[in-house]
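Below are the chains, spelled out letter by letter.
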Amino acid sequence: MKQFLRYLNVKELVRPIGQMLAFSLGSAAVMSAIILILALVLDKTAVGTALVNKLNVSLFSYTLSNLPQVVIDGLTIGFVYAAIALGYTMVYGVLQFINFAHSEIFAVGAFVGVEVLIFLQTLGVLSGASVFMAYAYLSLAILLAMLAAGGLAVTVEKIAYRPLRNAPRLVPLTAAIGVSFLLQDLIRLVEGLTTGQFNRIIPTFGNFDDRITGKLTLGATKLFIGISVKSIIVIVAAVLMLIALNYLVNATKVGKAIRAVSQDMRTASLMGINVNRIISITFLVGGLLGGAAGLLYALKFTRIDPFIGFFPGIKAFTAAVLGGIGNMTGALLGGIILGLLETFAGSYLGVFTMGAAGSEYKDIFAFSILILVLIFRPQGLMGKNVGQKA
Amino acid sequence: MAATSFKEVFDKLNQGLVGYVVILLHVVAGSYLVYSQPRSNLAFLVFISSLLSLYFFRADNRFKILVGMLLALVIIPVIGVRNIFYLEVIFQISVFAALSLGLNIVVGFTGLLNLGYVAFYAVGAYLWAFFGSQQFYVLNYAPGTQPPDLPFLLPGDAFYLFLLVAVIIAAITGILLGLPVMRLKGDYLAIVTLGFGEVIRVLANNLDKPINLTNGPQGITPIQRPTMPEWVVDLFNSLFGGVIGHEVKLADMYNVMFYFFALLVIIAIIFVTKRLDDSKIGRAWTAVREDEIAAVAQGIPIVRMKLLAFAVGASFAGLMGVLLAASRTFISPESFNFMQSIGVLSMVILGGIGSIPGVILGAAVLTILNLQVLQGFSLYLNDLRQSDAVIPVINFAWKDLSTQLDPAKYQKLLFGLILIIMMIFRPEGLIPAKRRKRDVSMDETK
Chain U
1 MKQFLRYLNV
11 KELVRPIGQM
21 LAFSLGSAAV
31 MSAIILILAL
41 VLDKTAVGTA
51 LVNKLNVSLF
61 SYTLSNLPQV
71 VIDGLTIGFV
81 YAAIALGYTM
91 VYGVLQFINF
101 AHSEIFAVGA
111 FVGVEVLIFL
121 QTLGVLSGAS
131 VFMAYAYLSL
141 AILLAMLAAG
151 GLAVTVEKIA
161 YRPLRNAPRL
171 VPLTAAIGVS
181 FLLQDLIRLV
191 EGLTTGQFNR
201 IIPTFGNFDD
211 RITGKLTLGA
221 TKLFIGISVK
231 SIIVIVAAVL
241 MLIALNYLVN
251 ATKVGKAIRA
261 VSQDMRTASL
271 MGINVNRIIS
281 ITFLVGGLLG
291 GAAGLLYALK
301 FTRIDPFIGF
311 FPGIKAFTAA
321 VLGGIGNMTG
331 ALLGGIILGL
341 LETFAGSYLG
351 VFTMGAAGSE
361 YKDIFAFSIL
371 ILVLIFRPQG
381 LMGKNVGQKA
Chain V
1 MAATSFKEVF
11 DKLNQGLVGY
21 VVILLHVVAG
31 SYLVYSQPRS
41 NLAFLVFISS
51 LLSLYFFRAD
61 NRFKILVGML
71 LALVIIPVIG
81 VRNIFYLEVI
91 FQISVFAALS
101 LGLNIVVGFT
111 GLLNLGYVAF
121 YAVGAYLWAF
131 FGSQQFYVLN
141 YAPGTQPPDL
151 PFLLPGDAFY
161 LFLLVAVIIA
171 AITGILLGLP
181 VMRLKGDYLA
191 IVTLGFGEVI
201 RVLANNLDKP
211 INLTNGPQGI
221 TPIQRPTMPE
231 WVVDLFNSLF
241 GGVIGHEVKL
251 ADMYNVMFYF
261 FALLVIIAII
271 FVTKRLDDSK
281 IGRAWTAVRE
291 DEIAAVAQGI
301 PIVRMKLLAF
311 AVGASFAGLM
321 GVLLAASRTF
331 ISPESFNFMQ
341 SIGVLSMVIL
351 GGIGSIPGVI
361 LGAAVLTILN
371 LQVLQGFSLY
381 LNDLRQSDAV
391 IPVINFAWKD
401 LSTQLDPAKY
411 QKLLFGLILI
421 IMMIFRPEGL
431 IPAKRRKRDV
441 SMDETK
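Protein chains in written order, with my numbering: chain U, 1 to 390; chain V, 1 to 446.
Keep in mind the hints are simulated off the structure, nothing from the lab. Just so you know, even glycine gets a beta-carbon here, dropped at the ideal spot from N, CA and C. You may find that some hints are simply not true.
To be verified - Within a straight-line C-alpha distance of at most 25 Å, the following computed SDA-like cross-link-like pairs (lysine to any residue) qualify:
{"id": "1", "chain 1": "V", "residue 1": "Lys209", "chain 2": "U", "residue 2": "Leu270"}
{"id": "2", "chain 1": "V", "residue 1": "Lys209", "chain 2": "U", "residue 2": "Thr45"}
{"id": "3", "chain 1": "U", "residue 1": "Lys256", "chain 2": "U", "residue 2": "Leu270"}
{"id": "4", "chain 1": "V", "residue 1": "Lys249", "chain 2": "V", "residue 2": "Arg58"}
{"id": "5", "chain 1": "U", "residue 1": "Lys362", "chain 2": "V", "residue 2": "Phe85"}
To be verified - Here chain U is said to cover these stretches of chain V; the calculated rule only asks that three of the stretch's residues, wherever they fall, bring their Cβ under 8 Å from a Cβ of chain U:
{"id": "6", "segment": "26–32"}
{"id": "7", "segment": "188–196"}
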């Protein structure tokens with residue numbers, strides 16, 4: 001045991017947990033504070049009166065009573081974004097290239113996972129499975145989704161990106177857009193030919209739809225906190241993956257090689273690092289994370305179609321830029337912030353603007369943040385300024 | 001090797017009077033085929049490819065211009081009115097050619113990848129859609145609840161004014177969008193423009209409340225067209241009525257008119273591009289594309305130059321937007337999705353970044369693939385499905401083929417494949433730009 005612990009870098013296991021806790025609690029607290037102050041300020045104005053007339057609650061207590069649910073939802077989606085964003089940021093770190101097709105890697109993960117579960121359902125093992133078996137099946141689906149997505153990511157890199165590695169920057173980017181489009185329609189084609197439909201719904205099994213509820217008395221207002229098992233699964237799975245990734249990158253030999261290649265590819269190759277292999281591994285790891293994120297996303301939102309990758313992909317990219325592209329801690333922070341911001345906007349925008357603009361603007365919220373970040377802090381929250389400007 | 005020897009053979013053939021003979025034969029044969037077989041896709045391909053021989057074969061420039069004008073101004077309208085589907089294809093080709101040429105200024109000359117180009121197209125289209133329809137009086141009604149018989153805000157002839165207004169507004173939009181991101185590396189610009197394209201689409205989708213600016217997902221209709229004098233229809237009838245074989249109606253003439261407008265825009269863009277390309281600005285653009293740091297060192301104001309390219313490209317898209325709104329009399333947010341942007345980009349890349357004839361060829365090829373080949377293939381598969389035919393070796397009955405296999409719906413697959421294959425095997429495009437050709441060969445010797 002002692003022998004084993006000596007090889008295990010405990011610090012790198014604990015550090016990411018601390019980071020994640022700090023990031024989640026910190027961003028959630030800041031955003032909750034902002035929204036509550038905003039609610040207090042607007043309570044006596046027309047915005048507050050409109051809500052009183054409509055739902056007969058004051059703006060402040062409406063905001064407060066919804067807050068726990070919003071924070072939990074935001075964190076759930078935030079961790080999914082973080083897992084996708086890490087794929088972007090790792091590839092960018094190594095190749096300085098936006099892997100546009102990463103969103104489709106994510107979609108392939110979602111489809112493979114869901115199809116595995118649907119297959120298990122037709123075998124009849126899903127219904128009536130014990131809780132333990134349900135988790136085992138879900139883990140199996142996640143594993144297969146990860147393998148498929150990881151394998152696809154490596155293949156795409158080999159076929160479409162490797163021949164273009166020394167071409168001008170826009171050439172691989174254009175090829176990546178092509179891969180993204182091709183994969184979208186390939187998913188649609190395969191699904192259409194094999195199942196006759198391309199909107200798939202994840203089967204319900206296990207206790208994933210249950211909710212754990214609790215009550216919190218805070219002065220006069222009682223807060224009902226409900227968290228679905230799904231959300232817990234998503235968060236726990238994402239946290240585990242992120243810890244593993246952090247360990248891989250910061251405490252293993254392969255991780256050292258990845259970091260070396262991302263610092264200076266030529267020097268790394270002079271040091272005896274097989275650059276091609278490291279790039280493949282980077283794509284593999286990004287693909288594994290993206291595939292798992294795909295199935296987690298499907299678990300959370302139940303319904304998938306071949307184009308689901310597009311918006312999560314763009315948002316995860318935004319998260320990566322927000323955190324500072326190429327910086328893995330930054331991607332985590334960016335994902336969490338973006339998930340929270342988006343959920344806050346989706347839930348409160350309608351009330352705070354008296355119905356003029358609602359959750360339909362949720363999807364373009366990410367773009368506004370992206371543009372704002374690029375204007376005011378192009379290196380991102382945690383990135384060093386490494387010549388982002390031309 | 002094969003390519004060079006082919007080129008040598010072609011050059012050997014392409015001398016003296018051969019060019020004249022081939023061009024004339026091709027044009028005449030194509031016109032005859034399309035005229036005698038108005039339903040055949042193949043005949044149309046032969047006809048439209050005569051533009052290729054016009055470009056590739058050597059002949060006196062005056063002769064080429066004459067034949068080109070004859071084709072564009074007489075033969076195409078006559079054949080188009082005779083079979084309105086061809087006119088639609090040709091109109092779409094010219095619209096996409098204009099859009100691709102506009103995007104080509106941004107991507108080809110300055111090297112800025114714009115993934116949200118249709119956003120400017122949408123700006124132009126919605127501009128005329130708002131002012132050229134009854135939308136101004138619908139501001140306070142939810143979509144679908146407005147009373148009938150509302151007046152139009154402006155007369156249809158204000159269209160001409162709005163061609164100019166759209167150019168200005170789209171250029172301003174381009175500058176406003178470009179300002180924050182022009183200092184950044186190219187790939188950031190790509191993502192931001194993508195985002196901007198989606199923002200515009202989502203806004204168009206949702207700005208039916210609190211005040212109804214865009215009528216939401218239902219889109220705006222009817223949008224006015226400029227008036228067409230009676231005598232134009234009569235003149236066309238008296239000149240070509242015999243050849244066409246049926247009475248030419250006002251609607252047909254409108255299609256011809258918008259085709260001419262698109263043609264005018266194309267000529268204008270080509271003119272502007274050529275003039276700019278040889279000017280100080282064009283050289284500055286090329287310098288920015290090739291090496292930004294060197295360009296700065298030369299004293300080129302790169303941000304201003306990039307913004308200028310962005311604005312010029314945007315203004316042409318805005319212009320085409322007005323044209324689209326008027327020609328379709330209906331627009332909805334779905335006409336301006338990401339797919340369209342990528343479609344236009346694929347045309348530029350397929351044809352050859354920075355090359356005017358290449359980009360036009362790319363637009364023609366992709367539009368024809370899209371409208372004729374894919375759809376023709378779909379129809380063919382449908383026919384097979386209805387027949388009792390069986391694939392011999394594997395004993396597969398066509399009847400059992402899934403209805404999901406509908407090639408017309410798989411444009412993304414096609415665009416994606418084209419982008420990947422072109423990037424890997426021929427990044428300079430089908431007809432490479434002259435200057436770029438030199439760059440690429442230099443890269444190879446490195």
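Evaluation of the provided hints:
1. The suggested pairing of Lys209 (chain V) with Leu270 (chain U) is violated, with an alpha-carbon distance near 61 Å, which exceeds 25 Å.
2. A distance of roughly 21 Å separates the Cα atoms of Lys209 (chain V) and Thr45 (chain U); the hinted pair therefore holds under the 25 Å criterion.
3. Annotation: proposed proximity of Lys256 (chain U) to Leu270 (chain U) holds, straight-line Cα distance about 15 Å (limit 25 Å).
4. Taking the CA atoms of Lys249 (chain V) and Arg58 (chain V), the gap is near 39 Å; set against the 25 Å cutoff, the hint is violated.
5. For the given pair, Lys362 (chain U) sits about 41 Å from Phe85 (chain V) by alpha-carbon distance, which is inconsistent with the 25 Å threshold.
6. For the segment 26–32 of chain V, the assignment as covered by chain U is violated, since 0 residues bring a beta-carbon within under 8 Å of that chain's beta-carbons and 3 are needed.
7. Only residues whose C-beta sits within less than 8 Å of a C-beta in chain U count toward coverage, and the segment 188–196 of chain V has 7 of them, enough to reach three; the restraint holds.
In summary, the numbered hints that this structure violates are 1, 4, 5 and 6.
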